[in-house]
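K.L.:
Protein chains in written order, with our numbering: chain A, 1 to 365; chain B, 1 to 397; chain C, 1 to 77.
Don't read these hints as lab results, they were simulated from the structure. All values derive from a computational prediction rather than experimental measurement. A hint or two may mislead.
Stated by the list, open to error - Below are the DMTMM-like pairs computed for lysine to aspartate or glutamate, each with C-alpha atoms no more than 25 Å apart in a straight line: (1) B:Lys165 to A:Glu266; (2) B:Lys358 to B:Asp372; (3) B:Lys358 to A:Glu170; (4) B:Lys273 to A:Glu170; (5) B:Lys359 to A:Glu266; (6) B:Lys249 to A:Glu72; (7) B:Lys277 to A:Asp243; (8) A:Lys263 to B:Glu185; (9) A:Lys181 to B:Glu185; (10) A:Lys364 to B:Asp121; (11) C:Lys29 to A:Glu170; (12) B:Lys249 to A:Glu170; (13) B:Lys358 to A:Glu303; (14) B:Lys359 to A:Glu303; (15) B:Lys361 to A:Glu170; (16) A:Lys263 to B:Asp149; (17) A:Lys263 to B:Glu161; (18) A:Lys258 to B:Glu123; (19) C:Lys29 to A:Glu269; (20) B:Lys165 to A:Glu170; (21) B:Lys251 to A:Glu303; (22) B:Lys228 to A:Glu170; (23) B:Lys113 to A:Asp243; (24) B:Lys376 to A:Glu178; (25) A:Lys263 to B:Asp372; (26) A:Lys216 to B:Glu185; (27) B:Lys355 to A:Asp243; (28) B:Lys358 to A:Glu72; (29) B:Lys284 to A:Glu178; (30) A:Lys257 to B:Asp372; (31) A:Lys258 to B:Asp372; (32) A:Lys258 to B:Asp116; (33) B:Lys284 to A:Glu139; (34) B:Lys91 to A:Glu178; (35) B:Lys83 to A:Asp243; (36) B:Lys228 to A:Asp243; (37) B:Lys277 to A:Glu266.
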Amino acid sequence: MLENGKISLRQFAILVTLFTVGDAILVLPSVMASQAKEDAWIAAIVGEGFGLLVIFLFTAVARLNPGMTLVEYNKKILGTTLGTLLSLLFLVYFLTCAAANIREIGDFMATQSMPETPNQAIYIMFLFVVVMGIRRGLEVIARAGEMFFPGFILFVILFILFLLPQIHPENIQPVLAEGMKPILKGAMASSTYSSVQLVAFLMIIPYVNQPKHILKSFMSGTFLGSIFLILLILLTILVLGVDGTANNTYPSYALAKKINIGKFLERIEAILALMWFVTIFFKITIFFYSFILGLSQLLNLKEYKVLALPSAMLLMVFTIVLAPNTTFYHNVITWYWPFFDGTFNVLFPLLLLSVYGLRKMVFKQ
Amino acid sequence: MVRKRLMIVLFCIQFIVTGCWNRRELNDLAIAVGMGIDKQGEQFKVSVQVVVPAEIAAKKSRGASPVILYSGVGDSVFEAIRKMTTESPRKIYISHLRILVLGEALAREGIAKSLDFLARDNEARSDFYIAVSKESKAEDILKVLTALDDIPANMLFTALETSQKAWAPTLSVTLDELIADLTSEGKNPVLAGITVHGNPEEGSANNSVQKVDTPVRLQYTTLAVFRKDKLIGWLNEKESKGYNYIRDKVKSTAAVIPCPSGGKATLEIIRTKTKVKGRIIQGKPRIDINLRSEVNVDEVGCQIDLTKTKTISQLESLGEETMKKLIHEAVHTVQQKYKVDIFGFGEVIRRSNPKAWKKMKQDWDQYFTNLDVNVKADTSIRQIGTVGNSFLERIKE
Amino acid sequence: MWAVAGILAIAIVIILIEVPRLLQRKMHKELWVFFTLLAAGTGLSIALELHWNIPSPLYLMIAIYKPISTLIYGLLK
């Protein structure tokens with residue numbers, strides 16, 4: 001096996017949680033508020049609910065092929081040619097998502113904190129740590145997740161507590177004013193930002209040491225991440241109002257700016273930014289890891305870690321080239337990316353399942 | 001071997017992280033605490049009150065002023081601020097802004113254009129208050145030095161907060177609240193006003209605060225009424241109070257009520273909560289305002305017997321009447337004189353009945369003028385202070 | 001000019017870090033893949049640095065998904 005590491009169920013769940021929160025914590029409230037207005041939180045619940053269903057899909061596919069990663073069983077189920085083709089597509093997907101996430105954190109830094117720093121410098125710093133993680137292997141990444149997790153939970157709790165004095169309950173009225181359509185639009189955004197990107201974990205499931213309980217672990221991770229996102233969206237609408245959230249590029253940052261406890265605890269939004277770094281880091285690392293591992297498995301290499309550095313260069317270029325400016329990027333994210341995610345997270349797993357089922361039926365005869 | 005590599009890596013990292021690209025040393029910053037925007041011809045004149053750190057930090061004052069005023073003129077707010085670098089040795093840093101003053105002349109023309117920069121810039125935060133300078137230019141407000149607080153902008157900030165908490169006809173408005181009001185279809189903005197008493201030029205001199213009775217003072221006045229982003233008029237004190245009652249912004253204030261047998265008594269509001277509900281009755285919008293307050297009797301200037309519960313109930317009803325009148329007057333004046341919904345009644349209707357609101361929102365100001373507003377007040381007197389009946393009664397003629 | 005040199009320098013450093021080990025263990029396949037990726041990464045970086053116009057791959061995504069996007073968002077209007 002290429003990857004000798006083994007991770008525990010707990011580590012797996014933690015990675016899933018951090019991944020689900022990922023970049024959604026940055027921009028999702030804004031997208032949701034512009035699509036679903038006051039009902040953004042309802043849309044979030046619907047979207048995350050759908051995401052949980054997709055987990056079933058992933059686990060079903062994984063269960064059929066125990067011990068194999070996505071790339072490995074593509075070949076098994078679809079045959080060599082088609083399987084390789086599909087795997088290549090998946091690799092492109094992983095790389096694109098990794099690039100997009102790096103792009104997002106870079107844009108955030110450029111907008112909010114360091115506008116004069118060239119984006120490349122920020123990408124290099126981030127990639128440096130990501131590569132470090134990948135070269136040390138999956139176990140190290142999982143352990144890093146475990147390390148950050150308690151801090152993350154504590155932060156979430158405090159964040160919500162500190163903002164409670166500032167909520168205006170009337171901001172979520174009128175409820176369901178425009179009917180289900182905006183909620184569906186919002187739900188699409190919510191699910192594809194968070195849970196409907198988890199297909200990358202199909203590359204990691206084989207390395208979990210207790211494969212029987214994967215579903216529970218996967219579900220709890222996604223569930224925890226989803227709860228946080230729903231609460232976050234609810235909170236931004238309650239505190240900032242619909243217009244404030246929809247118009248703001250980084251509403252959770254604006255939210256953190258509002259924290260003011262007894263005039264003593266204020267201006268602590270930098271800590272929120274730190275949390276973002278952590279969650280986005282894990283998302284990027286997992287996507288990038290899936291790409292590198294997948295490539296190595298596709299080409300039957302004996303080691304994957306060595307590809308980290310050159311792929312990082314490629315990823316860097318990809319990130320820069322991805323979009324000429326933030327407006328272009330946001331447009332693509334809003335109108336096209338959900339379908340991109342849908343193809344790889346829903347369509348292709350369904351395809352794999354059905355072909356598997358068909359083959360079984362055909363061979364029985 | 002590993003240790004050696006680690007050392008090399010750590011050594012190299014030093015060169016990457018010690019110099020941040022975007023670093024700004026503290027002594028490269030001109031920390032602006034107050035900003036004023038006026039119109040000068042077709043351009044914006046932006047004045048900025050900057051802290052002089054040597055003065056604030058020094059144990060013995062050097063005799064110079066603790067703040068200094070820079071101004072710049074430009075086609076846009078951002079341009080004007082950058083132009084200030086021709087006078088200021090440092091770049092203006094607005095993250096610590098405490099107060100933004102908009103000149104009345106500018107306000108009458110429209111404030112929206114001057115605010116986009118503050119909403120968009122990453123250094124600007126939304127925790128400063130905004131006010132309109134009444135019958136003066138914004139830069140004159142920023143020129144005046146204040147006693148009790150070295151930094152005038154700070155004094156303006158805390159004064160607005162304190163007076164809103166303790167007196168009521170002022171209003172502290174942050175940038176995000178103002179933008180929400182501006183963009184909302186069911187509410188028009190309202191801002192507090194500041195005036196200068198005395199000559200602002202004199203007020204900039206250091207010795208102006210060395211007198212016991214400072215000749216030049218800044219004072220918050222009543223509220224400014226806006227139609228969308230243009231100033232159209234001012235409320236008086238009673239109307240401003242009424243406004244704050246309706247918006248549930250009153251924390252505590254003095255309410256003077258007439259005594260049952262002539263004379264006046266004063267109630268101190270301890271807790272008050274206003275609920276505004278909107279309904280559509282037979283296609284017409286109706287607003288119900290429910291005001292519930294707990295008060296103490298704080299000053300008695302008439303002949304009443306506070307030991308009798310009957311008197312207390314009488315005072316309570318009188319209190320209720322007074323507050324109802326206050327609110328009615330406020331609504332009435334705005335309906336007749338200004339004809340813009342500053343109370344957010346439109347928002348209330350939108351929340352309770354979005355379908356009806358969709359039909360009405362185009363002509364909402366029309367509806368507002370003829371709006372049926374019902375006020376219910378419920379005042380409970382809790383305490384009457386440290387003495388029973390007023391000693392005024394016992395002064396023998 | 002300097003930027004290109006910088007990129008090449010980084011590429012060389014990467015080679016120095018990874019290649020000796022691969023050569024030692026005679027992992028030829030890995031070397032091939034390694035160099036292909038590195039060449040792609042370095043080449044594109046230099047192209048970027050020289051301000052060649054590299055179009056975003058997202059244009060491809062837009063082209064592929066435009067029909068379904070218009071369909072679904074049209075339904076949800």
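K.L.:
If you check each hint against the structure, which ones fail?
P.N.:
Result: hints 5, 6, 8, 10, 11, 13, 14, 19, 21, 24, 25, 26, 28, 30, 31, 33, 34, 35, 37 break, sorted rising.
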